[in-house]
Every structure is written in C-alpha cells, then in structure tokens.
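Visitor: What follows is the residue order along each chain.
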Amino acid sequence: EAQVTQNPRYLITVTGKKLTVTCSQNMNHEYMSWYRQDPGLGLRQIYYSMNVEVTDKGDVPEGYKVSRKEKRNFPLILESPSPNQTSLYFCASRRYRGLLGEQYFGPGTRLTVT
Amino acid sequence: AQTVTQSQPEMSVQEAETVTLSCTYDTSENNYYLFWYKQPPSRQMILVIRQEAYKQQNATENRFSVNFQKAAKSFSLKISDSQLGDTAMYFCAFMKPGYGGSQGNLIFGKGTKLSVKP
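Quick mapping for you: the protein sequence lines, in order, are chains B and H. According to my numbering, the first sequence holds residues 1 to 114 in order. According to my numbering, the second sequence holds residues 115 to 232 in order.
What the hints contain is simulated information worked out from the structure, not anything from laboratory work. Misleading hints may appear alongside valid ones.
Straight line, CA to CA, 25 Å or less: simulated DSS-like cross-link-like pairs of lysine-lysine [said to hold, decoys possible]:
(1) H:Lys-210 with H:Lys-169
(2) B:Lys-17 with B:Lys-69
(3) H:Lys-184 with H:Lys-210
(4) H:Lys-231 with H:Lys-184
(5) H:Lys-224 with B:Lys-57
(6) H:Lys-231 with H:Lys-187
(7) B:Lys-71 with H:Lys-210
(8) B:Lys-57 with H:Lys-210
(9) B:Lys-17 with B:Lys-57
Not the full set, but computed from the structure, chain H residues with beta-carbon under 10 Å of chain B [to be verified]:
(10) Ala-130
(11) Tyr-147
(12) Ser-156
(13) Arg-164
(14) Ile-221
(15) Pro-232
Just some of the chain H residues that point at chain B, by a computed CB distance under 7 Å [what the hints assert, rightly or not]:
(16) Met-159
(17) Asn-219
(18) Phe-222
(19) Gly-225
(20) Lys-227
Note that CB positions come from ideal geometry on N, CA and C, so glycine has one too.
My request is simple: use the sequences and hints to build the entire structure.
Guide: Dropping the structure here:
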C-alpha cells in the first residue's frame, strides 16, 4: 500500500529536549516536505526536499532542521523545542514530475512542548 | 508571492442540501494547480479535487465540483447532497508547477470548518 508514515503520532516533551519526528514514504517520491498546522493559520511549510541531499527552507523554518540522506526518509529535527512549536505536523511527498502535483500526506504528529 | 484566502472560517449545512465554500488566490502566474483538501476529525489530509489552470472546464468528482474563475482568481467548492461524513475542515491550496525553488510547493488557505447537520 502506498503511504507516508510518521512517528510518533503523539509526543509531549519539555522545553529544550531535542527530538526527532520521522517520516518515511514507500512510493519512491523525489519530493518531500514538512508542514505545521495551527488553528486559524492553515498549513505552513517548514522545509522541503527535492531529492537526496537537496533541502531548502519553507515559510517557517526557524527552530527546525531536516536531513535527506535516503530517498524514502525525511526526518524533522527540533534541536531545542520551545512551547511555540506546539503544533500538528504533517509530512508529505510527491513525484517530482508529473501526476498533476498530487501530494500524499502522512497521518500527522501532534507535538506538545511544555 | 502567492496567497490563498478562505473568507469563511465556519459554515454549516443541512444534510442532503448543497453548500459552496469560497476561495480566492493571488498570483501573477498563468499556469498553476488548485486543490481542495478535506481534513476530517481523524486529521488525515484527503485530496478532494484538483484543477489545472489551463483547463477551462471545471473539475468534478462525484458530489464535489468547483467553479473556477481564472480572471477573478476564484476557486469555490460546491458539495451537493451533503452527507454527515462531509463534516470536516476544508483547505484550498495553490501550487505553481516546476522543478526548483518554491515551485512545486503547496500554499494553503486558513481553512473553512464545515458542519453537516442531520
């Protein structure tokens, strides 16, 4: 089954404790991205990657890091989480070319930073 | 920069009736894609319908259809015969096709929360 998986689905942590949210896709997609969703703000892009070792900032990259060492994985790293990073996070992937740009979304990760 | 505006934070409709969700966008591009995504209480993002800007014909998917007005930069979603399962947050999104920089990134509106009442 074609899918994007994220782990963990729920996470409660404390300020300053480094964490990683994993994202993996099994569709051999070149393009992957991370979004955060906040009430009244919709989804905003954090980082994206066009292929292995190629990443770039989205609209709200501050406080986040990413890496793309393998095509299927695109982890999101919070080196020193703060309460304003409490949010719902989505990973997404798509083929780089064609297929009308449809993005496949993971199930979301609910992060709470206290 | 492109922007997407959904002016209706919340809407409600009676079961079996028709409802229209509004979306406007701002862009100087001529070729782009527009999408409507549904997010039910499960939080999963589900693609409802998509429209290519160079196609004049409005897209239709079963009970879901769009009214795409390119000159007015308007992209509304019509849901016919509303069902309880249509209760969800709906997001309008814009994407400029391409292979570098911000091309290929989705830009979302803030969403419209739709409640279907029995």
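Visitor: Would you pick out the hints that fail for this structure and give their numbers low to high?
Guide: 4, 6, 10, 15, 20
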